[in-house]
Amino acid sequence: MKHIISALVQNKPGVLAHVAGMFAARAFNIDSLAVGRTDDPALSRMTIVVLGDDKVVEQVRKQLEKIIDVVKVQDFSLKDVIAHDLMLMCVHMPPEKRHEILALVEMFKAKVVDIGQKFVMVELANSEDKLEAFIDACRPYGIKNMVRTGTVAMGRLSQPNAPEGQ
Amino acid sequence: MKKPTCSPQGDSAQNQSALPIKTGAEIIVDTLIEQGVDTMFGYLGGVVLPLFDKLYDAPINFIIPRHEQGGAHMADGYARASGKVGCVVATSGPGACNLVTGIANAMMDSVPIVCLTGQVRTDLIGNDAFQEADTTGITRPITKHNVIVKDVKELQQSIREAFYIAKTGRPGPVLIDIPVDVEVAKCQMTPFDGVNLAGYKPQAKGHHRQIKMAAEAINKSERPVLYVGGGVITANASDELRALAQKANVPVTTTLLGLGAYDQMRPESLDMLGMHGTAYANYAVQECDLLIAVGARFDDRVTGKLKTFAPSARFIHIDIDPASISKNVNVQIPVVGDAKYILGEMTKEVQHKDRKAWFDKIADWKKCFPLKYDTKSPNIKPQYVIEQLWEATKDNAIIVTGVGQHQMWTSQFYKHSRPRHFITSGGLGTMGFGLPAAIGAQAAKPDALVIDIDGDSSFNMTMGEICTAVQYELPVKVCIINNGYMGMVRQWQELFYGKRYSKSSLKNPEFAAVAEAFGAVGMTVDKKSEVKSAIAKMLKEKKPCVVDFKVEREENVWPMVAMGKSLHEMDGLDIFESMA
Chain E
1 MKHIISALVQ NKPGVLAHVA GMFAARAFNI DSLAVGRTDD PALSRMTIVV LGDDKVVEQV
61 RKQLEKIIDV VKVQDFSLKD VIAHDLMLMC VHMPPEKRHE ILALVEMFKA KVVDIGQKFV
121 MVELANSEDK LEAFIDACRP YGIKNMVRTG TVAMGRLSQP NAPEGQ
Chain A
167 MKKPTCSPQG DSAQNQSALP IKTGAEIIVD TLIEQGVDTM FGYLGGVVLP LFDKLYDAPI
227 NFIIPRHEQG GAHMADGYAR ASGKVGCVVA TSGPGACNLV TGIANAMMDS VPIVCLTGQV
287 RTDLIGNDAF QEADTTGITR PITKHNVIVK DVKELQQSIR EAFYIAKTGR PGPVLIDIPV
347 DVEVAKCQMT PFDGVNLAGY KPQAKGHHRQ IKMAAEAINK SERPVLYVGG GVITANASDE
407 LRALAQKANV PVTTTLLGLG AYDQMRPESL DMLGMHGTAY ANYAVQECDL LIAVGARFDD
467 RVTGKLKTFA PSARFIHIDI DPASISKNVN VQIPVVGDAK YILGEMTKEV QHKDRKAWFD
527 KIADWKKCFP LKYDTKSPNI KPQYVIEQLW EATKDNAIIV TGVGQHQMWT SQFYKHSRPR
587 HFITSGGLGT MGFGLPAAIG AQAAKPDALV IDIDGDSSFN MTMGEICTAV QYELPVKVCI
647 INNGYMGMVR QWQELFYGKR YSKSSLKNPE FAAVAEAFGA VGMTVDKKSE VKSAIAKMLK
707 EKKPCVVDFK VEREENVWPM VAMGKSLHEM DGLDIFESMA
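Residue numbers (my numbering), protein chains in the order written: chain E, 1 to 166; chain A, 167 to 746.
Bear in mind the hints are in silico, worked out from the structure with no lab data behind them. Keep in mind that a hint or two might mislead.
[What the hints assert, rightly or not] So the derived list for chain A, only partly shown, Cβ under 8 Å to chain E, looks like this:
{"no.": "1", "residue": "Pro307"}
{"no.": "2", "residue": "Ala489"}
{"no.": "3", "residue": "Ala679"}
Beta carbons: idealized from backbone N, C-alpha and C, even for Gly.
Kindly generate the complete structure, drawing on both the sequences and the hints.
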């Protein structure tokens, strides 16, 4: 089962290596890992999607908390969280398919960010399900290239474990 | 959120303007002294010369090992014997790399040490400079915390944080990597105003509701067992453990690292459990209805086959490290916190219970399956040497070991009764640990009798440190249980590889002659009749002393729970019966 773990960490060199190394050393599986700044320049946020049963994820959380430079760890179950992934995708777009593809873009609330003679570059930020559905919808036209950030997440405001300061 | 987590000892912040400007090297020395360091270990090298220049006239007892690994083990032995933080210094590159085994050893056994390593100049880092290694990268998985200090302004607080992290919570090694230019750069000293780390709040006390639940479970239990690890010794909680065990009337078994936490001379002691534990400890664990783990981590050498470990028991787990709980077994009553506090509180809640049937059963096992060896053999049995050592020293000695058969026999046949008097490499199983750790323990306790019971192969790995013992007049005693094999490896080859003793026998030097050449006293004992007198002579010796006991070569450690077997499926018990 997938779990989304959100870790507030010190924004220092070596912290990412420490977290990634701990996952490798303890044989935990990372599905995705996204790191970025927070509103506090001293802190970064790591969002880690982990595969494993509850027992494994519990260990992941505890082992993360043991790392001195990890300040706070939250384990979101999938229902009480906004979890988004950002994707850029280049899709083959011959003139005769332009309408179909742009209709798909519209339908998925994606955005055209660049356009070339044969390809269109589309940006979509949404839940993983939506991204997968969009990929499936675009596949018949020919996907040239695709890049994803990995999931970032925040607890819903109605939930007790909503992120600090929200 | 910015509340200090440990109380300041120095001046208040108002005096800051009065504090002097000093170099990084001076700051290191001053801060080490501020943190209570009076003894340290370490080896010189290019990038730590500014630091060693300041150590030249510092009021610190400094011991130079013959190899940095020895220095790390010495700091480890020092910390375990004294309960203080051990401190070791090494230069960059090879110096730092040589510390690695010692750091990993301290990590596995939760020993508080602070390692200072030199690093190449900040502007050279990443350029493959001479004696450059990515020390923080290499040691990240084997330290509780590490940091490279690239700005002298952060140096003093980093050292304070290192000591705080090393000794609080579940202790462990902390490494500070210091580039040489930071050692010579200058900045103003800062007053010690405590340590506050956002991501590190070691939980000191246990939750009262959990403590109450645990006590109630003990009160209800018919067949409880206390399973005690090194955490009780780390927490200085032996007195509280004894009070609890005696008030509630619960038998006690310890892990290898827990030996000394409970007096083995007491009738309710079950001695050590696990792979080479006693039959009565292992049977008691397998049949108990409540297992109370304190400062222990359900290691595979303790549990045997996990699925059938203590099959009818509920588990209470008291540990300061939340990550230890429910890592290997599912625990019904976890209590996270300081063992000293928790055991003390639990003792108030427990009631005395007779449990006659349970203690009768245990007495029966003790009678049927005591630890045994062939006492009538004309040869020197390794167990005999260790029994004689115990007879001669009782609980007056700090016993240190290497790793292997001799370590297991020492855990079985020496009666450990006091905390911090048995020092051994448990988690990592580091051969060569014994002698340097004994030197560290002797440095911590100059008046104590420190005996390293070592194996010939273990001793071979680090015996150059005899020279260190001689130089610093640290009168450690080394008793080599010399069977001319890597004994435990040979035992496994005998049992599991059809007696094919592949590469497990080395040509040893004459250890006594080596010891003499180093300036220590050397003795060789090859007759059983000479064992007692040799021990007596060794104990009178004021100098470091190496006694080479040529023991029976192919003796095995029994009982034994083979890998993958359940704890009650011990081999070697029939051997005991045939000797009865």
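- Query: Which of the listed hints are not met by the structure?
  - Reply: When the structure is compared with the hints, only number 3 turns out to be violated.
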